[in-house]
Each structure stands twice: as structure tokens, then as C-alpha cells.
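Going down the list, the protein sequences come from chains A and B.
Last residue of the first sequence: number 247 in UniProt numbering, and the count goes up by one each step with no gaps.
Last residue of the second sequence: number 533 in UniProt numbering, and the count goes up by one each step with no gaps.
Keep in mind the hints are simulated off the structure, nothing from the lab.
Predicted model only: the values in this text are computed from it and were never measured.
Treat the hints with caution; some may be incorrect.
Residues of chain A placed beyond 10 Å of chain B at every Cβ, according to the derived structure [what the hints assert, rightly or not]:
(1) 55
(2) 174
(3) 189
Have a look at the derived ranges for each label pair, beta carbon to beta carbon [stated by the list, open to error]:
(4) 96(B) x 229(A): 35 to 43 Å
(5) 139(B) x 63(A): 24 to 32 Å
(6) 27(A) x 121(B): 40 to 48 Å
(7) 113(A) x 70(B): 39 to 47 Å
(8) 27(A) x 92(B): 33 to 41 Å
(9) 121(B) x 26(A): 52 to 60 Å
Listed next, the stretches of chain A that the computed footprint assigns to chain B, with coverage defined by at least 3 CB atoms under 8 Å from CB atoms of chain B [claimed, not checked]:
(10) 114-124
(11) 163-170
(12) 220-229
Glycine included, C-beta positions come from ideal geometry on N, C-alpha and C.
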Amino acid sequence: MNVSTADLLLWVAFPYVCLAVFAVGHVWRYRHDQFGWTTHTSQLLERRWLRWGSPLFHLGAFAVIAGHVVGLAVPASLTQAAGISEHAYHTVAVWLGSVAGVAMVTGLGMLCARRLLTRRIRLTTDRSDKVLFPLLAATVLLGIAATAAHNVFGGGYDYRETVSVWFRGVITLQPQPDAVSGAPLLFQLHALTACLLFAAWPFTRLVHVWSVPVGYLVRPYLVYRRRPAAAPLPARRTSTGASRRAA
Amino acid sequence: MRVMAQIAMVMNLDKCIGCHTCSVTCKQTWTNRTGVEYAWFNNVETKPGVGYPRRYEDQEQWKGGWMLDRRGRLVLRSGGRVKRLLSLFSNPDLPSIEDYYEPVTYDYDNLVSAPAGQDIPVARPRSVLTGRPTSVTWGANWEDGLGGAPEHAGADPNLTGEWAEKVRFEFEQTFLFHLPRLCEHCLNPACVSACPSGALYKRVEDGIVLVDQNRCRGWRMCVTACPYKKVYVNHATGKAEKCTFCFPRIEAGQPTVCSETCVGRLRYLGLLLYDADRVGEAAAAPDEHDLLDAQRGVFLDPTDPEVLAAARESGIPEDWLAAARRSPVYDLVMRYEVALPLHPEYRTLPMVWYVPPLSPVLDAVIVAGGDQDDPDHVFAAVTRLRIPLDYLASLFTAGDTDVVAGVLMKLTALRSYMRALEFAALAGPGRGEAPLRQHRRGLELIQRALVDADSPYRHLLTALCGLLPPPTEADLAAVARLAAEGPPAEEVGLDPYGHGEFAPPGTFTPPEQAAPTLAAPTSVTPTRQEDDR
Numbered sequence: 001m002n003v004s005t006a007d008l009l010l011w012v013a014f015p016y017v018c019l020a021v022f023a024v025g026h027v028w029r030y031r032h033d034q035f036g037w038t039t040h041t042s043q044l045l046e047r048r049w050l051r052w053g054s055p056l057f058h059l060g061a062f063a064v065i066a067g068h069v070v071g072l073a074v075p076a077s078l079t080q081a082a083g084i085s086e087h088a089y090h091t092v093a094v095w096l097g098s099v100a101g102v103a104m105v106t107g108l109g110m111l112c113a114r115r116l117l118t119r120r121i122r123l124t125t126d127r128s129d130k131v132l133f134p135l136l137a138a139t140v141l142l143g144i145a146a147t148a149a150h151n152v153f154g155g156g157y158d159y160r161e162t163v164s165v166w167f168r169g170v171i172t173l174q175p176q177p178d179a180v181s182g183a184p185l186l187f188q189l190h191a192l193t194a195c196l197l198f199a200a201w202p203f204t205r206l207v208h209v210w211s212v213p214v215g216y217l218v219r220p221y222l223v224y225r226r227r228p229a230a231a232p233l234p235a236r237r238t239s240t241g242a243s244r245r246a247a
Numbered sequence: 001m002r003v004m005a006q007i008a009m010v011m012n013l014d015k016c017i018g019c020h021t022c023s024v025t026c027k028q029t030w031t032n033r034t035g036v037e038y039a040w041f042n043n044v045e046t047k048p049g050v051g052y053p054r055r056y057e058d059q060e061q062w063k064g065g066w067m068l069d070r071r072g073r074l075v076l077r078s079g080g081r082v083k084r085l086l087s088l089f090s091n092p093d094l095p096s097i098e099d100y101y102e103p104v105t106y107d108y109d110n111l112v113s114a115p116a117g118q119d120i121p122v123a124r125p126r127s128v129l130t131g132r133p134t135s136v137t138w139g140a141n142w143e144d145g146l147g148g149a150p151e152h153a154g155a156d157p158n159l160t161g162e163w164a165e166k167v168r169f170e171f172e173q174t175f176l177f178h179l180p181r182l183c184e185h186c187l188n189p190a191c192v193s194a195c196p197s198g199a200l201y202k203r204v205e206d207g208i209v210l211v212d213q214n215r216c217r218g219w220r221m222c223v224t225a226c227p228y229k230k231v232y233v234n235h236a237t238g239k240a241e242k243c244t245f246c247f248p249r250i251e252a253g254q255p256t257v258c259s260e261t262c263v264g265r266l267r268y269l270g271l272l273l274y275d276a277d278r279v280g281e282a283a284a285a286p287d288e289h290d291l292l293d294a295q296r297g298v299f300l301d302p303t304d305p306e307v308l309a310a311a312r313e314s315g316i317p318e319d320w321l322a323a324a325r326r327s328p329v330y331d332l333v334m335r336y337e338v339a340l341p342l343h344p345e346y347r348t349l350p351m352v353w354y355v356p357p358l359s360p361v362l363d364a365v366i367v368a369g370g371d372q373d374d375p376d377h378v379f380a381a382v383t384r385l386r387i388p389l390d391y392l393a394s395l396f397t398a399g400d401t402d403v404v405a406g407v408l409m410k411l412t413a414l415r416s417y418m419r420a421l422e423f424a425a426l427a428g429p430g431r432g433e434a435p436l437r438q439h440r441r442g443l444e445l446i447q448r449a450l451v452d453a454d455s456p457y458r459h460l461l462t463a464l465c466g467l468l469p470p471p472t473e474a475d476l477a478a479v480a481r482l483a484a485e486g487p488p489a490e491e492v493g494l495d496p497y498g499h500g501e502f503a504p505p506g507t508f509t510p511p512e513q514a515a516p517t518l519a520a521p522t523s524v525t526p527t528r529q530e531d532d533r
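Okay, chain A solo, but in the shape it has when bound (with noise of 0.2 Å):
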């Protein structure tokens, strides 16, 4: 193995560390932050807009993500056993991943530029945001500049050989830098801002992705809820603590 100090930082060390505050940072606002824990609607301030970006935005992220999983997720030597060739498996990607970026692009582009534009957006768009929308933007036009670059315009490169080997094994906590070190530089910035937005995750609205309210479909309509009971009072805990509790 010969692998740089640079290559450790950047494709052990850096992934690693993400992924702690993404967890660790989920579990802290998840405690103490319930209050801030929302999508932040903003489409009471402005729809015209919203009406078409939101939708394509979030549509064309989950196709993407399906794709981010298949594609890393599940090694070359699986689908090829399966039957599916490596150049229908990149044919079928390209098309979906291209259709399904940028629809994504595209709703990014609509949201950012309501958020940019409408001044009232602009005015409640907090902290939070002015790291996640441009952090998310670059992360989604340097995966589809690579994909364009490289696999639509260019020769093809196949990046299942070695992004994904990489990805998986930061995940199987089997680490191969070697593996990407190598990797085109739009594929590797691409990865690198990927980490990142998982970093800065828990602290956006992105936490609202955890909250789909998928609990909806199968609960009844009404909620009835009991008041929770009164926390006694110190002073009168001491001196009719018995009876309080035999109530």
C-alpha cells in the first residue's frame, strides 16, 4: 500500500469525520432543538415559483438518491451476474440520471433563485440556509458536470471501478483511498462536497427529510391527547406529597 498523507486526510480522515457530526449532530438537535425541526415553509410568501421548483426539485432528488444507491451502493459484479451488461447498465443510468438530474437542477435553480430574487424570502432565509443552498448546489452541478463530462460528452468513464469501491468502503469501515485517489477531479470534488452536505446536515432544514410522514397513511383521523399531568409544585410536594401521589 503507498498511499500519501493527503489521500488519507481526504478520503479517510475527511469522510470519517463527516459522518460523525452527521450523526452525533442528528442526535444532539433531535434532543434539544424539536422546536427548529421543520421544513421551513416559505410558500406563503411566495408560490409562483415554489409551484414548480419544489416539485421537481424533490422529485428529481429522490430518482437521484435511488440512483446514488443502486449505483454505489451495489458492486459491478452484482448486476453483472444478474444478467444486466455493463453497457446497458450505463445506458439505462446515463438516461435516468440525466432526466432525473436535471429536473433537479432545474427546481434548485427555481428555489434558489425565488430565495435570491424575492425579497421577502430573502429576509427570512437565516444562517442555516446561506450554508445549505449554495453547498447543495455546488454538490449537484459538480456530480451532473462530471456525469456530463464524462459519461455523456466524453468517452465514458466508469466510475463503479472506483468511486463505488471507495464509497463502500468507507461504509464497511474497510477504507480504500486508493481507489478514488485516481478518480477524475469532478468525480472526486463531487464526492468531497457530497461529504460535506452530510456534515451540515443535522444543523439545515435538510432534518426534515427524517420527518416523512409516512405514519399518515395508516393512523386514524381525529388525535385525542390527555393533558400531561401537572408537575406539583416544590412547596406543596413537601407538604402533601403522600396525598398528591395517592391522587
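Could you slot chain B onto chain A? The hints should help.
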């Protein structure tokens, strides 16, 4: 039978003078914060009018409340669960801030910090959302007292056909009443049913509907689902907020802020017992005209031993059961049946009810040349004048004019009876006249003043004085002295508190007046101010 208790409200609309004290005190208590400047948990609308937010009653547009599907099942008008989740990214039926109004503040600072000059400084409006100067073009009570009615009131969703035309062109002849609105704390709340996070809930103990601020994720489906548009998005926190029925006050045994501060004392708060098992069935009554009786059928008689036994089983404490027996809301809704729900056709089983106003009918009696103090004229109007009845029916009974007419008849009879119950009629001629004899001199003085002024009311006073014993010599002397002295000096304003060197410390001293701008040759004498004093 599953007995639950509900704090409910009845408002007597004939008593509402539209002073907005309820709205203002509510706002100062609950929504004077960033993000909810535009939100009024309590607002007072002028009817006819488009309301707040604009045309919120048009459920074809806003998709609020429940409806029956083709198979007669109760469904949310905004669609089923799957459709709701699919519209999370962009809610097609969410009102924009323009449908409410753009909240403004004013450059108050300019009033005190403007440099001395010839013009009076003004506080110009500034948008709270953009921080920029703006012009005020709409508000929560923009149509107050039918202001702008010829342009706007015809868009009231409760007005249809010829009546809309009449309001548009003859609005000075139309009626006017005020409608205070707050969250209805419904028995079948659409907002609760539409909340994907389960953050909205109805309290078992008192029926108050609340938003759990820690569980709300800002999916904004409640705003669409509520047909009364009484759930609001806080654009600063990204969470839903609504009327809390002042639950911290209710828990402490106090009335809500809107009830406590109501100038006309028109709000009645009280407890109702209801059968939670019958709510769904009542809300799904096939005919909209049956919804009122269906909802009344859900309420339970707090004196019925069976109900009391079931209530005790549900854990409702004895003092609450006593409160249910003393409830003015139960009397108005169930015993006298003079209170009606607002828009029962939304099928949410609302729990803020209204005694409909008699004033639209009285106004119509006057327009028709009748005498509004003659109960026969009013009864005739209730049976013959379609227009105010139709309007009230579209608000309170899903269009059933018979029910509204019945309530208005009761109110007319009550009004006539109460007017007969004057003090003298009750106390008899001796005690009844005592206060008049006691103020013999004052009456004499008023009578003379009215005669001097040639007022048409002089006959009334002359007749009254004629019924009383004639004034004594001493009375006449006292009246002459009072007339000669004239009215007492007014002691309001700043003057009584001293001025110049006698002013108390810290007194506001107005700055020197600037010279008039368009000064044609003036003859201002420098000593004039001194002379005035």
C-alpha cells in the same frame, strides 16, 4: 357512549358593536410576534363582506372542511391521505399572504426625530415582510362598517344572484352586522385530520384543539383543511399556530381574553358534554339541513343520570359536571335553541355558536317603511322578507331559512317581552315614579332647555312633567339658578394641570410653532397668545 367535555362559546351577534377589542387584546396576548404579524386568532368581520382571508368561505376554491363522496362517506375536501402526501412539496390550495394582507408597521420614529420644519412629520407605512415603504391596500378588517362595500361586498361567497347585485348597487340600503370569529375547536376538526405529523390534537379533557409546536414539521396541510382558515403558518418559525382558546387561562378557571375584554359582553363560555362515539355519524348526515340537529344530537343532557354515570366512568370530575349543569352554552344551544353553528355544511361540527342577529330584519323593516318597534311588523318581515333570511341561513343553517326564521321569531318575542318589563311596570306606580320625583328639578330644567331649543323631544318631557306633581317654589328657584349658572366648566385636556412655570416636572412642552407657509400678508399680533390665556 364515550362522554367527553368541551369548552364551547356562544356569541350574541346583536350585541356586537364591531369595536375589535377582542381582536386587539387577543393579538397583544398571542400574536404580537415576528412571523405572525398577519395572523389574527380572533378577528371581527363586517357582513356582508369577503372576510379574512379573502373569500375564505368559498370552499370550491380553498378546499376546506369535509364533504361526502359519491358513496356518502365523509372525506376531506382537499383529498385523501395519499393525495395530501403528494402535495407536500407544493400545496395547491394554500392561501398566499396577499389573500390575508401584507402586514405593515409605521415609521413612528419619524414623528419624534424629524427635524424642525414647516411640515407636520408623518409616519409612513413600511412592509414588515420586506422592510420597504409600501402602501396599505388591504387588511384584516378592510371592509369595516361596509367600507368599500360597493366594490368588494358583492364578492361575499354567501351572496348569490340578485342579492349580490343589490348589495353592489344599493349598499346604503343593505344591512350590516359584525361577525367575530375565532377557532371553532370543532368536534370533527379537519385540521387535526389533515396534519401529516400528528402535531395537531384535540384535548380529551376540554376539547381545545392545539398545535404541538415540537411535533409540527411545517407541512401546512392544516391551513388548507380548516374551512374557517383559522390555522396560520408562522413564516419565521415555519410552524403552524392557531387560537389556543386561552388554555392557560381556562385551566386556571378564567375566561378567554376575547371573552373577558368583550365590551358588549356578548360571549358566553360554558361546558358541554358530548358523546365522542356519535361524532363521525353526525358529521356524515346525508342532508346538509340535518347537520344542525345531528350535532345537537351529539350533545348530552348533563342532568340525565345515565349520562352522569357514563361521564364519571370517563373520569370527568364532579365540579366539571356541575359546570355542565350550569352551562349558559347548553341553555342557549339545547334548551332555548337560539344559538346556531357557523357554516354547519363544512361538517367539522364547530363549537363556537352564534345567536343570529335580528338587526338585518329590523333594517329591512325600516327600508320597507315599517316600524321596527312593532313586533307585528317584525314578525311579518321574518316571514316575508327573503333577503336577510337567506343570508343568515347561508351562514348559520346551510341555507335552511325555516330554522333561522324560528330563531328570529323567538328573539322578536323576547325583545318585545323584555321591553315591556320596564322598571315602573315591575315596581308599580308608587315605587316606579320615585326616581322621577327625586329628579324633579333636573327634569324641569331639561324640559325648559328643550322647549327653548324647539326640540321635537320637548313634548315627551312636557308630558312626563305633566304626570308628576307640580314643582314647588323652591324647585322653580333652583331651576332658575341652574339655568342662569349654565353648564359647569370643562376640566379635560392639559390645561387643568398647570402650565408655564407652574407645570409639573417633566411636562411635555410643544415646540414653537413654525411660521405658516403660504403666508399672505398676515396681521399676527405677537401678544395674541398671552391674550388668549
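Taking the hints in turn, this is what the structure says about them:
1. 55: Label violated. Min Cβ-Cβ 4 Å, cutoff 10 Å.
2. 174: Check passes; 37 Å lies beyond 10 Å.
3. 189: holds (29 Å)
4. 96(B) x 229(A): 35 to 43 Å: Roughly 42 Å apart at Cβ, these two residues keep to the hinted range, so it holds.
5. 139(B) x 63(A): 24 to 32 Å: With a Cβ separation near 44 Å, residue 139(B) and residue 63(A) fall outside 24 to 32 Å, so the hint is violated.
6. 27(A) x 121(B): 40 to 48 Å: violated (55 Å)
7. 113(A) x 70(B): 39 to 47 Å: holds (42 Å)
8. 27(A) x 92(B): 33 to 41 Å: holds (36 Å)
9. 121(B) x 26(A): 52 to 60 Å: The hinted range 52 to 60 Å holds for residue 121(B) and residue 26(A), with Cβ atoms some 53 Å apart.
10. 114-124: holds (count 4)
11. 163-170: violated (count 0)
12. 220-229: holds (count 7)
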